[in-house]
Each structure stands twice: as structure tokens, then as C-alpha cells.
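Chemist: Sequence:
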Amino acid sequence: MHSWPGVIDALAVKRVTENLRRPWPLVLFLLALAPRLYELAGPSVAFYDELTTLMRATEPSVADVVAGAVWQYPPFIDFQPPLHYVVVHLMLWFFGHSDFFARLPSALAGAACAPLLFLIGRRLGGTACGLFAGAALAGSLYHVDVSQQVRLYALFGFFFLGATLFLLRALSGGHRRDWLMVGWFGAAAFYTSYLAAGFLAFAVLATGLTLAWPEGDQAPPRRRTLAGLAVACVLILVAFAPWWLATAGLRQYLLGAGAPHLASLGGSLEAAFAAFASHYAAFLGRPAYPWLLAGPALAGLILGLADPSRRRGAVLVGLLFACAFGLAWGRATTAHHFQVRYVLPCLFAALLAAGLGVSVLLARLPARRAVHLLALLLGLGLAAPNIPAAPFFYRRDDSRLKTLAAALDEAAAPRAALILWRESDPWTRPYFEAFTRWYLPGRFLPSLPQGGPDGRAAREALVLVPTGGDASARPLPEAATPVASLAGVAVHRLPLKNAAPILPPAAFSAYFRPDAAFGEMAASRNLRATGEGLVLADRGRAGEATYVFRPLPGQTVALASLAMDARITDYPDDDTPTGRAFVLVGPDADSLIPYDPTAPPPPAKSLTVRLILSPGFEREPVAVTRLEARLTVSGDPGLPGAGAAERSARLAANTPVAPCPAGTASPGQYVLDPLGNVCPWTVPLSPGRPALLSNAGQKAFSPEGVTLVGNPGGATLTLGGASVPLPLSGPACLRAFLEPGGEGEAVLAPLFTAEGFDPGAADAGATAVRLQNDPALSCPDAKPCFVAYAATTGYPAKSLALTWFPRLFGDPEGKNGAVAEVALGDGEYRLLDAFLSTRSGRWDGLGVARRASLDLGGFTGTVRVRFRLTGDGVQLWSAPTYPMAARLALDTRSLPALELSPGVTPLGVSCPGECRATLGFDGS
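Going left to right, the sequence shown walks through residues 1 to 924 as full-length UniProt numbering numbers them.
Don't take every hint at face value.
As the list claims (entries may be wrong) - Quick list of in silico lysine to any residue cross-link-like pairs, SDA-like style, CA-CA up to 20 Å:
#1 Lys497 with Gln450
#2 Lys497 with Arg650
#3 Lys605 with Thr556
#4 Lys605 with Ser561
#5 Lys783 with Gly765
What the hints assert, rightly or not - Computed beta-carbon distance windows for the label pairs:
#6 Pro902 with Asp409: 24 to 34 Å
#7 Ala563 with Val238: 49 to 59 Å
#8 Gly318 with Thr753: 51 to 61 Å
#9 Gly814 with Ser702: 48 to 58 Å
#10 Gly326 with Asn773: 47 to 57 Å
#11 Gly643 with Ala599: 26 to 36 Å
Since the hints were made in silico from the structure, they are not lab data.
Quick caveat, the model's predicted, so the values are computed rather than measured.
Positions of the beta carbon are idealized from the N, C-alpha and C atoms, including for glycine.
Can you make the complete structure from the sequences, with help from the hints?
Modeler: Listed below in C-alpha cells is the structure:
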């Protein structure tokens with residue numbers, strides 16, 4: 001073969017050609033990728049581990065990601081090197097903000113482990129060994145689960161296997177590039193997890209074994225081999241040294257508190273193999289069977305040791321298992337106890353051991369291709385017990401954080417803040433912030449006023465109160481009203497009222513309850529109120545709170561004294577804290593000086609007090625728990641009642657104030673009446689019941705969309721002089737959002753809770769009944785039953801998307817089942833989705849959302865969705881935690897643009913039939 005120098009390498013072409021003739025790595029990668037991509041974005045991210053990764057990865061820059069991992073703030077106590085966080089950060093930066101792309105690095109790395117394991121197995125025991133191990137890993141439910149988490153373990157496994165493969169290549173051929181790749185893969189493994197130390201131990205032992213027991217008749221050159229190992233180890237250690245040195249003190253602080261705690265060796269091995277072999281057992285409620293993998297692995301290891309051509313490979317597999325397991329088991333402490341995910345490389349070793357046995361047993365068969373295909377099928381067969389678990393269990397949405405985010409988004413009024421009222425596991429402050437940053441970016445305003453002209457825009461807060469812990473620790477204000485309860489929190493609505501600047505009292509004591517602190521502060525930066533004090537929202541930056549005292553016209557105010565209590569926690573060690581808190585005072589923001597009790601500022605028309613919290617070099621937690629001031633006001637207070645009038649005027653300056661007589665609403669705006677009560681922003685639609693829409697602003701209000709809850713009944717609105725038809729009708733469980741000149745959505749969302757169940761919302765003839773103690777429908781007397789819901793639209797319906805939660809008992813006879821069907825107009829019902837008995841002998845499906853869709857092609861008319869239940873063990877669930885919904889995507893280009901002029905606009909309603917709904921407007 002001829003080549004063009006510098007352009008085509010003949011050897012490279014030959015390698016490519018040979019690889020195309022051996023498609024097994026690509027086949028195994030695709031086999032592994034399919035289950036790892038299945039429902040990858042389905043479940044919400046989980047508390048603790050996944051939210052920890054996202055809090056790290058969503059920092060503004062790579063430097064901030066690394067800094068957060070170095071300094072461990074917020075203190076998640078998840079002390080790991082930063083490479084996985086950086087990979088996820090870059091993935092989100094390139095492709096966008098979604099659960100799918102956050103999990104994609106793990107899925108790709110996990111899928112790539114299958115061909116890597118094949119290549120390692122081929123070197124140790126032949127192609128059959130590699131095919132069995134790679135195929136078994138592709139179908140391993142435990143590894144699939146690891147590969148679908150926003151966690152480091154799949155990526156660590158990829159680097160571990162890559163380093164191992166190049167180590168075996170280097171020991172076999174001694175090429176310098178292989179030793180360099182050992183170093184780079186090893187360094188990447190170390191920057192992913194400290195567990196990579198197990199690979200270093202394996203590398204040293206494998207090199208010693210190779211020198212003492214060569215692969216062929218001739219041993220590799222001892223000096224070159226030892227030099228290659230030294231270069232690889234030095235490369236790993238030099239590359240990892242900056243991280244190791246930078247985190248030495250904090251690592252000791254976080255990890256040094258744990259005492260050694262060795263779990264039972266037999267129990268630890270049993271737990272590991274039970275997870276590897278029967279991960280499905282945790283989902284199906286069945287006993288775990290560790291011997292499903294431990295048996296083939298042990299038998300394969302014995303057969304490999306008995307076969308002279310595979311004996312050396314069997315010893316290497318045993319060393320790999322011992323190094324990976326020994327590190328995680330031997331270094332376990334009371335702070336970081338033994339966990340199966342720490343010994344993920346042991347799964348690779350166990351599959352390789354089983355593959356050795358398969359290769360020995362199949363060695364006598366003459367047909368090579370048949371042997372390879374049989375080894376592949378046997379590897380996939382090892383995952384056969386996982387089949388009953390997929391897809392009904394292993395993609396459960398246990399945290400329900402997506403559902404909570406959707407509920408908060410829907411319940412929030414215009415210009416709302418979000419507050420975590422108190423902390424209770426798992427709803428601690430870091431995870432609350434990770435949740436809001438991930439699922440509600442930019443949706444809510446800060447809970448404390450910020451600087452700038454729009455700094456006091458928040459007028460209401462949704463308050464999250466964890467349902468666990470001590471409910472009486474800090475009771476909610478009386479003004480708080482309940483909204484919903486799901487995902488481990490109760491959601492309440494709380495008005496935020498303020499009349500800053502403050503009329504100076506004789507004695508001022510700052511409130512640290514979030515709603516009260518909002519009313520007192522003129523502005524803040526990087527602070528949050530905990531109820532007990534003010535703390536830094538981001539410990540990496542300083543924060544401040546500004547209080548402005550302004551007396552009545554003609555009066556002056558002077559600061560007589562000021563007292564403050566601050567708490568600064570040593571972190572990460574016991575050195576002298578570098579953080580501090582101090583106060584600046586002055587007549588205005590441009591004339592502030594440090595507070596000196598011996599030289600207070602002179603009386604002036606206003607007084608500004610600015611509290612500053614600085615975390616110091618080591619980003620220590622800083623909290624102010626008391627701020628008190630004594631003020632002296634002099635001058636003529638004016639007429640009686642001047643103080644109350646001034647407070648009302650200041651309230652009006654911060655919040656639109658307008659009359660709100662009965663029947664008046666201020667859609668899309670947050671308005672207070674003269675008494676400080678919140679005006680409604682939705683209006684009921686009912687014929688013969690006129691309403692007024694108020695625009696308290698100075699400019700015309702153009703809503704981005706119309707929201708409807710209930711049955712609009714095909715109503716026609718008369719808005720001022722304009723006529724606006726709404727060709728949409730349905731049951732009380734109908735919700736709709738209609739965008740003028742754009743797209744809209746109508747949702748049928750019945751609830752089967754005791755408080756929200758409405759039998760009248762279903763079509764006539766429904767025979768399903770609600771269970772007494774669960775938010776579910778079922779069949780009476782075990783007879784087949786059904787329930788149907790319908791909506792009629794004059795807007796072209798483009799598609800229907802169904803999310804539903806059937807649950808059934810997997811009866812041996814297979815009689816239990818749930819079917820979802822759709823009918824258009826007077827047409828017959830056609831199948832949309834079905835969930836039939838798995839014959840598992842267990843209850844299947846709860847917590848797993850089933851989704852189906854149908855193209856409607858612009859249909860106008862009545863769309864019916866029917867659920868048929870058969871058998872004595874089938875249920876249909878719908879609750880705030882498991883919200884069933886049939887969504888119609890609508891073309892609303894025929895809806896004209898709307899506009900509310902300043903002042904009051906009359907709203908008229910006419911309906912061809914019954915209509916009872918609530919109308920609101922979104923956006924401005």
C-alpha cells in the first residue's frame with residue numbers, strides 16, 4: 001500500500017480497516033447507550049447527591065466551580081475533586097439547562113464503559129470473555145442506574161477502565177504512548193474521585209506480577225517497564241498535587257472527624273453483589289440474590305485459574321477486585337461508611353471473572369462467530385432478572401421536585417418571592433437554593449429588597465415550610481394562607497408589605513423574620529433573613545443591609561446609640577476568624593462613615609444605617625443576630641395623624657394602591673387597597689355578573705396571555721368596546737393558557753384527593769369510584785369500570801399529551817390492566833396507552849409517570865379521554881404529588897391582542913350555555 005507522506009498513514013488505514021471488521025466495541029456501546037438514555041430526563045433530580053452536583057455545576061464559571069469544590073461552600077460535605085462538576089458545567093453551558101443534559105455525561109461515560117470492558121476482557125481471556133463482560137455491563141441495571149444520575153461514579157468508572165486498559169497495553173507492549181495514557185487517564189480518575197487510589201495500587205501490583213510472571217515466554221524489559229510505571233505515577237501525582245495541596249486543611253477538617261469503622265467483610269461483600277446482581281430487588285420488593293453474580297464470578301475465577309492460558313488474567317482480575325474493594329472497605333469511617341457505589345470497579349472485575357469462565361467453557365466450540373454471538377447473548381442474559389423492573393420502577397420520580405416547581409410557578413402571583421421558612425432534612429438551605437436555581441431560574445424575586453429602582457418589586461412571597469421537623473419552631477404569620485402540600489413541603493402565600501423609609505421610633509430593633517425584614521430594609525445585597533439573624537446568601541461574597549430612617553417633614557433624626565451582636569464561625573479550622581461585621585452610618589448613602597459611639601453623626605433630615613457582613617479570606621459563616629438603635633427625633637410633628645398619613649403615602653410609593661370594591665380585579669398586577677389588603681388579580685366569569693378590571697399603572701397593560709380555570713363555556717368577553725370570543729369549554733378540572741396571536745394549552749387535570757375530587761367533572765356514565773383513603777379511582781366490586789373527561793375547543797388542537805399514574809397488582813392470571821383511550825367528536829375510542837399486568841405478584845407502577853401523545857392535526861370539536869380499568873387490583877391515581885393531566889396544544893392565533901388602559905375597564909360575559917371559570921392575565 002502506498003501512502004502520501006504526512007497525509008495518509010498506511011498503518012493507520014490498516015488499523016481503521018481492521019476495526020471496521022470488528023464492530024463489537026460499537027455494538028456494545030449502542031447496546032449500553034439505549035437503556036441509559038431511556039427516560040433520562042424523566043425523574044426529577046434527587047435530593048442530596050444530584051442537587052449537590054448541580055449546585056456546584058451551575059456556578060457562573062469554571063473557576064467558580066473549582067473554588068466551590070475547594071472551599072466546600074455551601075458545605076454539602078461531599079468532598080470530591082472537581083472534574084465531574086466541570087464536565088457537567090460545560091455540558092450545560094454548551095447545550096442548555098435541562099435534566100437531560102445534566103445527566104448526559106454520566107450516560108455517555110457509562111455506555112462507553114461497555115466497549116472498554118470488552119477490550120480489557122479480550123486481553124485477559126479472549127474475545128468471548130470481553131463480549132460476555134461488555135454485554136453484561138450494558139444490561140446491568142445497577143450500572144444503568146449509576147449512569148443516569150448527575151453524579152461522578154459513571155465518569156470515574158470510565159476513567160478507571162481507560163487507565164486499566166492502557167496499563168495492560170503498556171505491560172504487554174511497553175510503548176511510551178501507552179504509559180503516558182495511563183498517566184493521563186489515571187490523573188483524570190483522581191480528579192474525579194479519590195477512589196482512584198485503588199488504581200495506583202493495582203498498577204503497582206500488576207506491574208510486579210508481569211515482571212515476575214511474564215505474559216509470553218519472554219519477560220518485558222525490566223528497566224523500561226519500571227521506568228514507564230514511574231513516569232505514569234509521577235504524571236498522576238504531579239497533575240493531582242495542586243488539588244491535594246490546596247485542599248489539605250479542609251480535607252482534614254471534613255474527613256478527620258470520622259473514626260475508623262470497618263463493616264463486616266462478609267456483609268459488605270454480600271451487599272455489593274446483591275446490588276450488582278439484583279438491583280431490581282429494591283424496586284420490586286423481592287429478596288436480593290447476590291449469588292446471581294457472585295456464583296458465576298467465583299466459578300469463572302476458578303476456571304480461569306485452572307486454564308493455563310487464562311491463569312494470569314484470572315490473577316489480574318482478582319487483584320483488580322481486591323484493590324478496589326480493599327480501599328473502600330478498609331478506609332470506611334463513621335463519617336463515610338462503606339457504600340456499594342464506592343466499589344463500582346468491583347462490578348467490572350466480577351463481570352471479567354465470569355467472562356473468563358464463559359471463555360473457558362466455549363473454547364472447545366469450533367465456530368468462532370457462533371462462540372462470539374453466544375458469549376454476547378449469555379452476557380445479556382445475565383441481566384434478564386432486570387427485565388421485570390424496567391421501565392416501571394427504576395425511573396421513579398421520588399423527589400417530585402419538578403412537580404413542586406410547576407405548582408409554585410402556577411401559584412405565584414406577579415412579582416413574587418420564594419422563602420424557605422425553616423430548615424428540616426432534606427429541605428436544608430443549600431438544597432433549597434439548588435432547587436430554585438435549577439428548576440425556577442429567574443422565576444422568583446429575592447426575598448429581601450435589592451438596590452436599584454426595581455429593588456422593592458416583590459409584593460408577595462410563597463413560603464415553603466418543610467413538613468418534617470418541629471412545626472412549632474417558628475410559626476407562620478397570621479397573614480399566611482395555605483396553597484398546596486407536596487414534595488415534603490407545605491406552600492403558603494404571604495403578603496410582603498413595606499413603607500420604607502422608616503418613620504424613626506425612639507427605639508428600633510431590627511426584625512430578622514423574612515417578611516418583616518423586607519418591610520424594614522431600604523435595600524440589601526447578598527443577604528437572607530433566617531428568623532434568628534441575617535446571614536450571607538453566598539459565603540464567597542460580602543453582603544449588606546441598608547436601613548433608612550426619615551422623620552416627618554420639618555423634623556430631624558439623630559442616632560443616640562447602636563448595638564449589634566455578630567456570630568462568626570471558624571471554618572475550616574480553628575484559626576482566628578477573618579470574617580467580620582460592622583456598621584456604617586450617615587445622613588445619606590453618599591456620606592457614610594464607620595460608626596463611632598463617641599462621635600455619632602449630627603441630627604439630619606434622614607439617617608442611613610448600613611450593616612456590612614464580610615466572610616473574610618476563608619469564607620467563614622457570618623451572622624448578625626441583633627441590631628438595635630436608639631434614635632432622637634426633634635422638630636414639629638405637624639397635625640395629629642400626620643404619622644399615619646405619611647406611612648400610607650410611603651406604602652403607596654412602594655406599591656400601587658387603588659380602590660378595590662367588590663367585583664374589581666387587577667389582573668397581571670400586584671395592587672393594595674387603601675387599607676393595605678391585596679386586591680384580587682383574577683375575576684370570576686359568570687353571565688349577568690359584571691366585573692371591573694383595574695389597571696393601577698400609568699401606562700396601558702398588554703397581557704401576554706389569558707389564563708382560565710374551570711369551564712369557560714364558550715364565553716364571549718366584552719372588554720371595553722372589544723368583543724373577545726373564547727371558544728373553549730370543559731369540566732371544572734379544565735385549566736387553559738391562551739396566548740393572543742400565538743399558541744395555547746388546555747389541560748384536563750382532575751384530582752382524586754378527598755378535598756379535590758369532583759365526580760361531576762367526568763363525563764356522564766362514569767363507573768369508577770374514589771378510594772376512601774387514597775387519591776385514586778378504582779372499580780367497585782372488582783367489575784370493569786371507566787371514567788372519561790372531555791373538552792371542546794374551537795381553537796385548532798395540534799396534539800394531545802397524556803401523563804397518567806396507573807397502579808396495578810401484577811396478578812398471575814394477567815387480568816388487571818389500565819387502558820387510556822381517545823375519541824375525537826363522535827368517533828370511536830382508539831388506544832393511546834396501556835398498562836397491563838406484569839404477573840409480578842407485586843403492586844406495580846406507583847410513582848412512575850406514564851406518558852403518551854397523539855397528533856390531532858388541528859382538530860376542532862370535542863376531545864374525550866377515557867380510562868378503562870379491569871380486574872380487582874387496578875387503580876388510577878391523581879394528586880398534587882402525582883398530577884394526571886391530558887394536555888391539548890392549541891393554535892390561538894385567532895385570539896386578538898388585549899389591552900387595559902389606565903383606570904377601570906368594564907368586563908362583560910355572555911355564554912351560550914353554562915360557564916363557570918376564573919379569568920386572569922399573565923405578564924405585561
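Chemist: Taking 24 to 34 Å as the stated bounds, is the beta-carbon spacing between proline 902 and aspartate 409 within them?
Modeler: holds, 28 Å
Chemist: Measuring from beta carbon to beta carbon, are glycine 318 and threonine 753 in 51 to 61 Å?
Modeler: holds, 56 Å
Chemist: Is it true that the C-beta distance of glycine 326 to asparagine 773 lies inside 47 to 57 Å, as the hint says?
Modeler: Roughly 50 Å apart at Cβ, these two residues keep to the hinted range, so it holds.
Chemist: Would the pair lysine 497 and glutamine 450 pass a check requiring their Cα atoms to be no farther apart than 20 Å?
Modeler: OK: lysine 497 and glutamine 450 at ~15 Å, within 20 Å.
Chemist: Holds or violated: the 49 to 59 Å window for the beta-carbon distance between alanine 563 and valine 238?
Modeler: holds, 54 Å
Chemist: Please verify whether lysine 783 and glycine 765 have alpha carbons no more than 20 Å apart.
Modeler: holds, 15 Å
Chemist: Quick one, are lysine 605 and threonine 556 close enough, alpha carbons at most 20 Å?
Modeler: The hint holds at about 5 Å.
Chemist: Within 20 Å, alpha carbon to alpha carbon, are lysine 605 and serine 561?
Modeler: Satisfied, since the Cα-Cα distance of roughly 18 Å is no more than 20 Å.
Chemist: Can the suggested window of 26 to 36 Å be confirmed for the beta-carbon pair glycine 643 and alanine 599?
Modeler: holds, 30 Å
Chemist: Is it true that the C-beta distance of glycine 814 to serine 702 lies inside 48 to 58 Å, as the hint says?
Modeler: holds, 57 Å
Chemist: Would you mind confirming whether the straight-line C-alpha gap from lysine 497 to arginine 650 stays at or under 20 Å?
Modeler: holds, 11 Å
Hint check: no violations occur; every hint is consistent with the structure.
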